[in-house]
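The listed protein sequences correspond, in order, to chains A and B.
With the first letter of the first sequence counted as 1, position 187 gets the number 175 in our numbering; the numbers rise by one all the way through.
With the first letter of the second sequence counted as 1, position 98 gets the number 86 in our numbering; the numbers rise by one all the way through.
Do not take every clue at face value.
Claimed, not checked - Residues from chain B that face chain A, not an exhaustive set, calculated with beta carbons under 10 Å:
id	residue
1	G9
2	E13
3	H162
4	V165
5	P167
6	I168
7	L170
8	S175
9	G179
10	E184
11	V189
12	Y201
13	T204
I should point out that these hints are in silico values taken from the structure, not numbers from a laboratory.
Even for Gly, the Cβ is constructed at its ideal location relative to N, Cα and C.
2 protein chains.
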Amino acid sequence: MTKLRVHNLAVSIDGFATGEGRTFEAPFGHAGQRLMGWFFPTRSFGSMSGHGDEAYGPGTTGVDDAFAAATKVGIGAEIMGRGKFGPQTGPWEDETWQGWWGDEPPFHSPVIVLTHYPRPDIVLGETTFLFRNVSPQEALAEATELAGGLDVRLGGGPTIVREFLEADLVDHMHIVVSPIVLGRGVSLWEGLEGVEERFAVEAVASPTGVVHYVFTR
Amino acid sequence: MTKLRVHNLAVSIDGFATGEGRTFEAPFGHAGQRLMGWFFPTRSFGSMSGHGDEAYGPGTTGVDDAFAAATKVGIGAEIMGRGKFGPQTGPWEDETWQGWWGDEPPFHSPVIVLTHYPRPDIVLGETTFLFRNVSPQEALAEATELAGGLDVRLGGGPTIVREFLEADLVDHMHIVVSPIVLGRGVSLWEGLEGVEERFAVEAVASPTGVVHYVFTR
């Protein structure tokens, strides 16, 4: 059965998944790259940034990489929020924006982008972006069909993950807590009191200082 | 040199160190006993609840107990907030209240209780409660003198710990994160953006599901 999975979602120890003041130049706002500092040194990040799935790129191969790599296994489609696709808000003024990822995005699957402002599909390499103004349930139904028996990745950002958690649609969630106090930004947990009761929770601390949490049904 | 140490301070994964709606019957508010669920099964908790330091009481002796036990080592005085001493607020209407702990409180040392409403000292067994309306710096100076070369424990609650962190007086801090989303209550981290930069941070996950963080200078 298709599962909806969240991977590599990084939050601060005070629960913020991205900082304040997000712009094109600073997609994580004042958080900068600190929330993803555990990810960049991994082999998985190296291989995602252009060497392809098969290349054994440079980088660490410890627990951080083991978790990072899981995001690629058995995924047939992704759902993401518009904030992950690009920094724009409101009606599309410029449809030349095709995401952050260049000619060969790392998804290699259909990607449903949730937005109030649909636009034509974009095909880039093995990735197709489909823009939809639909409910979480409808997005998941379409993504499940597109995934062809594989799982669906819920790619973020945090607001989208929160909405799918509120709708109780998430089956697997990998959260990475960095020991930094961001103080402000977009909270992952707001409005989700008691959400842990719907999951079994496992935690493992990495020597790099982050803690990996796995929430499963 | 005397250090100011915080031990066994439990917070939720969204950063709340106590819940909303605290009363005499529910000192942690809607959090109930969930934040301290890791602590009660430990041998250290058993020995604190009446068997004395030397008794090898019942209870677990794994990583949770190892951390729990550290709070008793090398402490010569404690500083606590009034909210830890009792549920009352405002002027003391009834000085018969002598804390939660009965005739032999587990502190076995002088305890400075920070309050806007001083009252006469209370001597209970080996513990003396001293009520002071002073700044964090002044409280630490007096506690350091009382500690006679040992360390000073900052006993909480979270508001007091936050004030001492803001004043940059904390040398060692042991935080225990439970994988629960409380949603509301008293935040440990509010107003402390970037506090981690003043510490080295170590994390270890316990098989019981909590994560122990140690912040040291």
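Should the hint that T204 of chain B touches chain A count as held when the rule is a Cβ pair under 10 Å? Violated, about 12 Å.
How about Y201 of chain B: closest beta carbon in chain A under 10 Å, or not? Hint holds; Y201 of chain B Cβ to chain A Cβ min 6 Å, cut 10 Å.
Was the hint right that V165 of chain B lines chain A, CB cutoff 10 Å? OK, holds: V165 of chain B within 10 Å of chain A, min 7 Å.
Hint status (Cβ of S175 of chain B to nearest Cβ of chain A, threshold 10 Å): holds (7 Å)
Any CB of chain A closer than 10 Å to the CB of L170 of chain B? Because about 7 Å separates L170 of chain B from the closest Cβ in chain A, which is inside the 10 Å limit, the hint holds.
Hint V189 of chain B vs chain A: min CB-CB distance below 10 Å? holds (4 Å)
Status of the P167 of chain B interface restraint (C-beta, 10 Å, chain A): holds (4 Å)
Does the nearest C-beta of chain A fall within a distance shorter than 10 Å of the C-beta of G9 of chain B? Violated: closest Cβ of chain A sits about 13 Å from G9 of chain B, beyond 10 Å.
Return the status of the interface hint for E13 of chain B: holds when the least beta-carbon distance to chain A is below 10 Å, violated otherwise. Violated. Min distance 21 Å.
Against chain A, with CB atoms and a cut of 10 Å, does the hint on I168 of chain B hold up? Since chain A brings a Cβ to about 5 Å from I168 of chain B, closer than 10 Å, the hint holds.
Interface restraint verdict for H162 of chain B against chain A (beta-carbon cut-off 10 Å): With Cβ-Cβ at 13 Å, over 10 Å, it is violated.
Quick check on E184 of chain B please, does its C-beta sit within 10 Å of some C-beta on chain A? holds (5 Å)
Checked against the numbered hints listed earlier, the structure breaks hints 1, 2, 3 and 13; every other hint is satisfied.
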